[in-house]
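*Asks:* For reference, the chains in residue letters:
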Amino acid sequence: MSDQVILRVATKIIVPTILLYALYVQFHGDFGPGGGFQAGVIFAAGIILYSLVFGLRRTQKVLPSWVARLAASTGVLIYAGTGVVALLKGGKFLDYSVLAHDPEHGQHLGILFVEIGVMITVLGVMITIFYFFAARGREDL
Amino acid sequence: MEILVDFALLALLAVTAMAVVRVTNLFAAVMFAGIYSFLSACLFTVMDAVDVAFTEAAVGAGISTVLMLATLALVGSKVTTPQFRITAMSTKVPPRRPIFPLFVVLVTGGILVYGTLDMPPYGNPDDPVHNHVAPHYLEESGHEIGVPNVVTSVLASYRGYDTMGETTVVFTAAVGVMILLSSLRGRDTYGQEAWGDEKVQDLDVGFVDAFGEEMDAPSPKVGRRKKRKRRKKGGRG
Amino acid sequence: MFIAAAVAILMAMALAMTRALLGPTVYDRVLAVNMFGTKTVLMIAVLGFLTGRPDFLDLALLYALINFIGTLAVLKFFEYGDLGRRVDGGGEAS
Amino acid sequence: MTFVADALSWICLLGGGVFVVIGAIGVIRMPDLFTRLHAAGITDTMGAGFILVGLMFQGGMSLITAKLILVLGFLWFSSPVSTYALARATLASGQEPFWSEDLEIPDTARIPGMVYPVDAMGEADAESGEEEE
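Those sequence lines, one after another, are chains B, L, C and W. Taking the numbering used here, the leading residue of the first sequence gets 1431, the next gets one more, and so forth. Taking the numbering used here, the leading residue of the second sequence gets 76, the next gets one more, and so forth. Taking the numbering used here, the leading residue of the third sequence gets 43, the next gets one more, and so forth. Taking the numbering used here, the leading residue of the fourth sequence gets 117, the next gets one more, and so forth.
Isolated chain B, as found in the complex (with noise of 0.2 Å):
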């Protein structure tokens, strides 16, 4: 196993800037290029890339399959539900305006939330299916 501690201790080295540089991508939307989706693809080929050197049980462990799937649809259910928040304070549906006092920071209030959703179910989309494809249907993983 000695040959492989290059690429096990690059991958330590390199997925928790990757994830951290997915959450840069996430919150630094508002200024630059990025957003929710990106930051998901970024922090699942994080999580990918170690369960390719670590291999999948490990990485099941830290992330198990049914977290992945609950992420996935809890996304969603963030984003509507920000729009339902809205519709209940008196606005329209998805109409952040709402959601504060002043209408520029409902606006941002509620981007951040949508943008939180998105990321969410982008990752755990990403993480089941590369779960499914990689795991290959063995009842063992």
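Just so you know, not all the hints are guaranteed correct.
[As the list claims (entries may be wrong)] Derived DMTMM-like pairs (lysine to aspartate or glutamate); straight-line CA-CA distance at most 20 Å: (1) B:Lys1442 with B:Asp1460; (2) B:Lys1522 with B:Glu1534; (3) B:Lys1522 with B:Asp1532; (4) B:Lys1519 with B:Asp1532; (5) B:Lys1522 with L:Asp237; (6) B:Lys1522 with L:Glu219.
Hints listed in this document are in silico derivations from the structure and should not be mistaken for laboratory results.
Guided by the hints, dock chains L, C and W onto chain B, whose structure is given.
*Replies:* For chains L, C and W alone, coordinates are given in the frame of chain B:
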């Protein structure tokens, strides 16, 4: 100057697309698809569509190669006939001469190219696409939404319904994959029947677990190689 | 001066492309794709300066980070996913 | 001051471009995968390094330069790793680098239609090597 870069990138893109179609080894096709993704990210960057380029970069470099390889692990990598192999039986079918499909494709392509002649020139500020809602978004986004990146404000706020639909579509993709692939769970009953060549049995070494703890035993190939090298060294001394 | 660098990178891209087309083994193609990825990082960085919008560097940073996931996946697949089968470049682009 | 920065930028960008093209030519011309890896390494280290440093002179002391440094750092971190993985996978597949004792170029590495002067002298060397064994 940028137009030169544009042309060069497009030429490379065309070459890559031809290569993807022509190679018979599907692994090579995956490689070329990767190159295609790199080139289109460059092209999007030249055309100032940096958010699109970002998506292309994230998906193309991180996800799509892995997923295509995983698909190849499921279905095998060789194209045995000029046509796509659907089952093992279809290799007996003599190659057809697809004259009529070629004709249809050429005519359709010709009509489409003819249609582009009527389109407004690219980047012209008088184009209809720049005069409908785009000016409103560009001018009002600053104080209506207050987000510096207009793309984000359009995607998340002005076009929030569309993005919600897209998120749902992504979610549906996951559901579809789950439904399709969970029928492979009992691969002994279905998999061997459907892909009954040696490929499926060959691949019993897990795609993912290979670098993991299961590979603690040195792979036989590596060991053999080392032995041979040692013999060579001994011979020299 | 940026256009000079861009032209040099484009030439290198074309040459890497040639290597990917020539093969002959799959590993040569992997090498070509890997090199193409590096070229893309450079190209995007140079293009950002060429078009006067160096904010594009986020994109180059992203490529520099996740470029080798694809390479690693391919290599892993060849080394372990397809044991016992000779991997040669059966497919020449003709 | 800007003149000095521009001049340095020119030098670095042109030098980087030259290195990138040289490396790419090497990837075409070198006889087998391991030597090609060596050529590709030139573009990853010297080419990318020079070009990004040249861009740094244009960026000045700003966030852009910081990002360029990050890009360079990650490139210099990840490309040796992938090169290593590639070389290792190639070795495991059974393809060996040719040593000085057997100067023959493997058939898989030949470019069709190219004349290799090594062929003529390689045979004598290979025979003498076998005799030693």
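*Asks:* Hint by hint, note whether the structure agrees.
*Replies:* Consistency of the hints with the structure:
no., hint, in the structure
1, B:Lys1442 with B:Asp1460, "violated (30 Å)"
2, B:Lys1522 with B:Glu1534, "holds (16 Å)"
3, B:Lys1522 with B:Asp1532, "holds (16 Å)"
4, B:Lys1519 with B:Asp1532, "holds (13 Å)"
5, B:Lys1522 with L:Asp237, "holds (15 Å)"
6, B:Lys1522 with L:Glu219, "holds (16 Å)"
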